[in-house]
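Numbering (my numbering), first residue to last: 583 to 721.
Be careful, since some hints might not be right.
Derived lysine-lysine pairs resembling DSS-like cross-links, with alpha carbons at most 27 angstroms apart [to be verified]: (1) K633 to K701; (2) K675 to K622; (3) K699 to K621; (4) K699 to K622; (5) K675 to K704; (6) K701 to K621; (7) K699 to K689; (8) K701 to K689; (9) K699 to K633; (10) K692 to K704; (11) K621 to K633; (12) K701 to K622; (13) K704 to K621; (14) K689 to K675; (15) K692 to K675; (16) K675 to K621; (17) K704 to K622; (18) K633 to K692; (19) K704 to K633; (20) K689 to K633.
Calculated from the structure, these hints are not laboratory results.
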Amino acid sequence: MKNNFSKPKMSEYSFFTLLVAIKKHENYDPIINRNELEKKLYEYYNQEEFKLFFIDTEIDDTKDNNKQLNLSSSFLNAYSYGMITMIHDSEKKLSYMINITYEQSEKILKNYSNQEKEKMIKLLDSLEEKNKPLILTKK
């Protein structure tokens with residue numbers, strides 16, 4: 583009898599947890615501006631290379647006729663678990679600071695395949711190129 587089991591699709595929260603862990607582990611900027619991230623990630627939503635990240639993610643098209651991803655439940659869960667801390671920047675944008683240690687990021691990353699980790703690094707590097715001063719810049 584052949585088992586037809588496959589790895590479950592990546593949930594929105596799994597995607598966000600991977601993003602937070604990679605940012606910490608690879609020494610990216612620990613500040614995440616929620617609105618900017620959701621807008622920028624929408625540009626990658628339909629790209630075949632990154633589709634595995636967005637299978638379970640909703641699109642929000644109610645904000646000024648601009649489409650963006652809706653990661654609100656992921657931010658809320660990560661905040662509830664203490665992975666991120668809410669901060670208010672000088673421009674009154676909703677931002678968060680990563681609140682996990684390097685060791686915690688290593689434990690989290692053990693739950694992901696090398697392919698998933700490599701694609702997340704590629705995605706973060708691409709976001710950095712698009713918007714160096716706003717989000718996701720390496721230190």
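Structure-based check of all given hints:
With a CA separation close to 10 angstroms, the supplied pair K633 and K701 stays within the 27 angstroms bound. The straight-line distance between the Cα atoms of K675 and K622 is roughly 15 angstroms, inside the 27 angstroms bound, and the hint therefore holds. Taking the CA atoms of K699 and K621, the gap is near 22 angstroms; set against the 27 angstroms cutoff, the hint holds. With a CA separation close to 19 angstroms, the supplied pair K699 and K622 stays within the 27 angstroms bound.
At most 27 angstroms may separate the alpha-carbon atoms for a hinted pair to count; K675 and K704 meet this at roughly 26 angstroms. With a C-alpha separation of about 19 angstroms, the suggested pairing of K701 with K621 holds against the 27 angstroms cut-off. Proposed proximity of K699 and K689 is supported: the alpha carbons are some 13 angstroms apart, at most 27 angstroms. Simply put, K701 and K689 have alpha-carbon atoms about 18 angstroms apart, close enough for the 27 angstroms limit, and the pair holds.
For the proposed pair K699 and K633, the alpha carbon gap of about 14 angstroms is at most 27 angstroms, so the pair holds. Simply put, K692 and K704 have alpha-carbon atoms about 18 angstroms apart, close enough for the 27 angstroms limit, and the pair holds. With a C-alpha separation of about 16 angstroms, the suggested pair K621 and K633 falls inside the 27 angstroms cut-off, and the hint holds. With a C-alpha separation of about 16 angstroms, the suggested pair K701 and K622 falls inside the 27 angstroms cut-off, and the hint holds.
With a C-alpha separation of about 18 angstroms, the suggested pair K704 and K621 falls inside the 27 angstroms cut-off, and the hint holds. With a C-alpha separation of about 30 angstroms, the suggested pairing of K689 with K675 is violated against the 27 angstroms cut-off. Restraint check for K692 and K675: not satisfied, since their Cα atoms lie roughly 32 angstroms apart, outside the 27 angstroms limit. The suggested pairing of K675 with K621 holds, with an alpha-carbon distance near 14 angstroms, which does not exceed 27 angstroms.
Pair hint K704 plus K622 holds up; C-alpha atoms about 14 angstroms apart against a cutoff of 27 angstroms. Distance hint between K633 and K692 is fulfilled; the C-alpha atoms sit about 21 angstroms from each other, no more than 27 angstroms. At most 27 angstroms may separate the alpha-carbon atoms for a hinted pair to count; K704 and K633 meet this at roughly 13 angstroms. With a CA separation close to 24 angstroms, the supplied pair K689 and K633 stays within the 27 angstroms bound.
Going through the hint list in order, the structure does not satisfy hints 14 and 15.
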